[in-house]
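S.K.: These are the residues of each chain, in order.
Number of protein chains: 2
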Amino acid sequence: GLAMPAIAQSTPPIKWRLTSSFPKSLDTIFGAAELFAKNIAEATDNNFQIQVFAAGELVPGLQAADAVTNRTVEMAHSAAYYYVGKDPTFALGTAAPFLLNSRMQNAWRYYGGGIDLMNEFYAKYNFIGLPGGNTGSQMGGWFRKEIKTVDDLKGLKMRIAGFAGQVLAKLGGVPQQLAGGDIYPALEKGTIDAAEWVGPYDDEKLGFVKVAPYYYYPGWWEGGAMLEFFINKDAYAELPKPYQAAVQSAAAMANVHMQAKYDAVNPAAIKRLAAGGAQLKPFPSEVMEACFKASNEIYAEVNAKNPAFKKIYDSITAFRGDQYLWFQISEYTYDTFMMVQQRKRAI
Amino acid sequence: GLAMPAIAQSTPPIKWRLTSSFPKSLDTIFGAAELFAKNIAEATDNNFQIQVFAAGELVPGLQAADAVTNRTVEMAHSAAYYYVGKDPTFALGTAAPFLLNSRMQNAWRYYGGGIDLMNEFYAKYNFIGLPGGNTGSQMGGWFRKEIKTVDDLKGLKMRIAGFAGQVLAKLGGVPQQLAGGDIYPALEKGTIDAAEWVGPYDDEKLGFVKVAPYYYYPGWWEGGAMLEFFINKDAYAELPKPYQAAVQSAAAMANVHMQAKYDAVNPAAIKRLAAGGAQLKPFPSEVMEACFKASNEIYAEVNAKNPAFKKIYDSITAFRGDQYLWFQISEYTYDTFMMVQQRKRAI
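Chains as they are written, first to last, in the numbering used here: chain C, 1122 to 1468; chain Y, 1122 to 1468.
If you're looking for bench data, these hints aren't it; they were derived computationally from the structure.
There could be a bad hint or two in this list.
One copy or two, it doesn't matter: identical chains are merged, so the pair holds either way.
Straight-line Cα separation of at most 20 Å, DMTMM-like style, residue types lysine to aspartate or glutamate; simulated pairs [unchecked claim]:
{"no.": "1", "residue 1": "LYS1331", "residue 2": "ASP1435"}
{"no.": "2", "residue 1": "LYS1362", "residue 2": "GLU1163"}
{"no.": "3", "residue 1": "LYS1465", "residue 2": "ASP1443"}
{"no.": "4", "residue 1": "LYS1275", "residue 2": "ASP1303"}
{"no.": "5", "residue 1": "LYS1465", "residue 2": "GLU1407"}
{"no.": "6", "residue 1": "LYS1326", "residue 2": "ASP1237"}
{"no.": "7", "residue 1": "LYS1362", "residue 2": "ASP1166"}
{"no.": "8", "residue 1": "LYS1392", "residue 2": "GLU1325"}
{"no.": "9", "residue 1": "LYS1431", "residue 2": "GLU1241"}
{"no.": "10", "residue 1": "LYS1392", "residue 2": "ASP1443"}
{"no.": "11", "residue 1": "LYS1465", "residue 2": "GLU1410"}
{"no.": "12", "residue 1": "LYS1402", "residue 2": "ASP1443"}
{"no.": "13", "residue 1": "LYS1465", "residue 2": "GLU1418"}
{"no.": "14", "residue 1": "LYS1465", "residue 2": "ASP1435"}
{"no.": "15", "residue 1": "LYS1354", "residue 2": "GLU1325"}
{"no.": "16", "residue 1": "LYS1432", "residue 2": "GLU1418"}
{"no.": "17", "residue 1": "LYS1354", "residue 2": "ASP1237"}
{"no.": "18", "residue 1": "LYS1432", "residue 2": "ASP1166"}
{"no.": "19", "residue 1": "LYS1269", "residue 2": "GLU1359"}
{"no.": "20", "residue 1": "LYS1331", "residue 2": "GLU1267"}
{"no.": "21", "residue 1": "LYS1326", "residue 2": "GLU1410"}
Work the whole structure out from these sequences, hints included.
M.R.: As structure tokens, then:
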């Protein structure tokens, strides 16, 4: 058909590529990127098409952010903490030990200045970040032996990355970095003693219960792990305003949907895992306290030498104190009452 | 300028009116409807414009759903439980005693069949409902005197609506229906003894602390009160597909933003209220248990005579059991640890 310039300006055909840091098998995370792209295509009558690629199809999963910086692709769906090698500040874009849960993450991002603060930092890498999903509080991982005291962490070889790995090392453990597919054989052979992945729904697929049956919680290093859409700044600036608006709402949709899907599918998975032999264990109080103390020491070290980290960390922790003051009142007592009923089988 | 038919078909100029059930002064709720309309206008280059009206401007707040049924307006932003007079099933669209918290609400709506189940019911009223915000767990309200035992509920005149009012009546209390602006004078004069409204941020504006200082929690009748966008079915069906997609994502955006804003503003409000004399009190365990028992009795009565209610209630409660099984593992232990640190002033 014929197209008029006046209309064509506001909704021109545009094709983007999105590289995900995740495989299609992590359908809850990968699906959030697909939902995002599908909604934008529909809302723009297929004029703005974003093709979604799984990790490795175009770019290795852990290089997604670089590809956005270089505009090899226009955007990515990734976890900022994969890039802590460049700067530890990236950890604060996803999750770091003992910070915010997922509702608090949303509150800080959308109404606590979080999006702007992260984008001030991401500007160095020539992209913006938008909240794009959350796993919720992750599990603490699979252990071949029980963890009863802080001493049990000494010499423990655990697949655990980033800040949490540093915390483990401070307590005498030996953090290891392994890709998802390499974890099971390492646990089976005993070349590692423990491994963290995500939560019941994702962990179940990798079969860890057969080789490391003690399933610990909580994942104190990921109280609410947020995924983000990274978008090249120039590519975003060049978008017509209507497409920018479509990106904003589709990202928010992906954000709330991904958490909702995890919450919907995790309960059945934890029941299947328990039926299959998983032994659910809370980390002992002294272990939690030692990890909290070690985390704070590491934060103090990083804050002392990294002003970008400190600026964001200070914002998050000021927000965190007030959040946990408030949440312990109505939310927590409501949930506690309901959990008591659940344990009594009264609900 | 000139417009081409081929393009005009997919993005024709359309103007809708949205009536909110809320006043502009409830800026967190009202703001979610404004955000929704603004995003859609931007994403469609102002071709699809939705004008947002506060309660009373076009239609009284509690008649918003009727206006959508009759297509007096194309859509509303409302709380389904305002319409329990038509059918108690409406309560399940917002919140009812001892059901889901706000994250669970999202999980049930988006991935637990909740949206479809509610829409099957709403079809009778010729509209569809989309999640459009959440207050989170509400507070239990303001009391002139302390509630120490179930006996203290006997004869208690409380501004409390819907199912919760029935529960109170079952325990000897006297539920009252009062509009927001009438609550303060009634509490001041002592014509009522207690009143529930929303949570700290909204309650603060009405000044209850001066006349009823005991601020109880949790609001067991609203563990996660969901707002919805009600859209006339015919109006929605007539929308071009791109506009339908824009409605879906903008509604999800409003949903996550409204909860995030409440979570961001409530902590400072609770601190100001406490500084201003509010005495925070958890409902005693025996009161919670009695309300839970009475609620279940009422549910049994309604289920026995209302199959539409029962179908949705059964879905929610099956979902609820598994949710509270799962949430007590990682989320709860993470939050508990953090709350202990908050009380120790260690965060």
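S.K.: So, for every hint listed, does it hold in this structure?
M.R.: Here's how the hints hold up against the structure:
In this assembly of identical chains, LYS1331 and ASP1435 lie within 20 Å of each other by CA distance neither inside one copy nor across copies; the values are 42 Å within and 35 Å between. Proximity of LYS1362 to GLU1163 under the C-alpha cut-off of 20 Å is found in both arrangements, the shortest distances being 17 Å within a copy and 7 Å between copies. For the homomeric pair LYS1465 and ASP1443, the shortest alpha-carbon distance between copies (13 Å) is at most 20 Å, but the shortest distance inside one copy (32 Å) is not. In this homomeric assembly, LYS1275 and ASP1303 never come within 20 Å of each other (Cα to Cα): the closest approach is 23 Å inside a single copy and 64 Å across copies.
With identical chains, the CA atoms of LYS1465 and GLU1407 are at most 20 Å apart between copies only, with a shortest distance of 16 Å across copies and 28 Å within one. Proximity of LYS1326 and ASP1237 under a CA criterion of 20 Å is satisfied in neither setting, with 36 Å inside one chain copy and 29 Å between copies. For the identical chains of this complex, LYS1362 and ASP1166 are neighbours both inside a copy (16 Å) and across copies (8 Å), given an alpha-carbon limit of 20 Å. Taking CA atoms no more than 20 Å apart as the test, LYS1392 paired with GLU1325 passes inside one copy only; the shortest distance there is 11 Å, against 43 Å between copies.
Taking CA atoms no more than 20 Å apart as the test, LYS1431 paired with GLU1241 passes inside one copy only; the shortest distance there is 13 Å, against 51 Å between copies. Taking the shortest alpha-carbon separations for LYS1392 and ASP1443, only the inter-copy value of 9 Å comes in at or below 20 Å, while the best intra-copy value is 34 Å. When the C-alpha separation of LYS1465 and GLU1410 is checked against a cutoff of 20 Å, the pair qualifies only between copies, where the shortest distance is 12 Å, while the shortest distance within a copy is 30 Å. Taking the shortest alpha-carbon separations for LYS1402 and ASP1443, only the inter-copy value of 19 Å comes in at or below 20 Å, while the best intra-copy value is 29 Å.
In this homomeric assembly, LYS1465 and GLU1418 come within 20 Å of each other (Cα to Cα) only across copies, at 18 Å, whereas the closest approach inside a single copy is 41 Å. Taking the shortest alpha-carbon separations for LYS1465 and ASP1435, only the inter-copy value of 19 Å comes in at or below 20 Å, while the best intra-copy value is 42 Å. Taking the shortest alpha-carbon separations for LYS1354 and GLU1325, neither the intra-copy value of 38 Å nor the inter-copy value of 41 Å comes in at or below 20 Å. For the homomeric pair LYS1432 and GLU1418, the shortest alpha-carbon distance inside one copy (17 Å) is at most 20 Å, but the shortest distance between copies (53 Å) is not.
For the homomeric pair LYS1354 and ASP1237, the shortest alpha-carbon distance inside one copy (14 Å) is at most 20 Å, but the shortest distance between copies (38 Å) is not. Taking CA atoms no more than 20 Å apart as the test, LYS1432 paired with ASP1166 passes in neither setting, with 42 Å inside one copy and 37 Å between copies. In this homomeric assembly, LYS1269 and GLU1359 never come within 20 Å of each other (Cα to Cα): the closest approach is 56 Å inside a single copy and 63 Å across copies. In this assembly of identical chains, the alpha carbons of LYS1331 and GLU1267 lie at most 20 Å apart only when taken from the same copy (15 Å versus 54 Å across copies).
With identical chains, the CA atoms of LYS1326 and GLU1410 are never at most 20 Å apart, being 31 Å at best within one copy and 40 Å at best between copies.
In summary, the structure is inconsistent with hints 1, 4, 6, 15, 18, 19 and 21 from the numbered list given earlier, while agreeing with the others.
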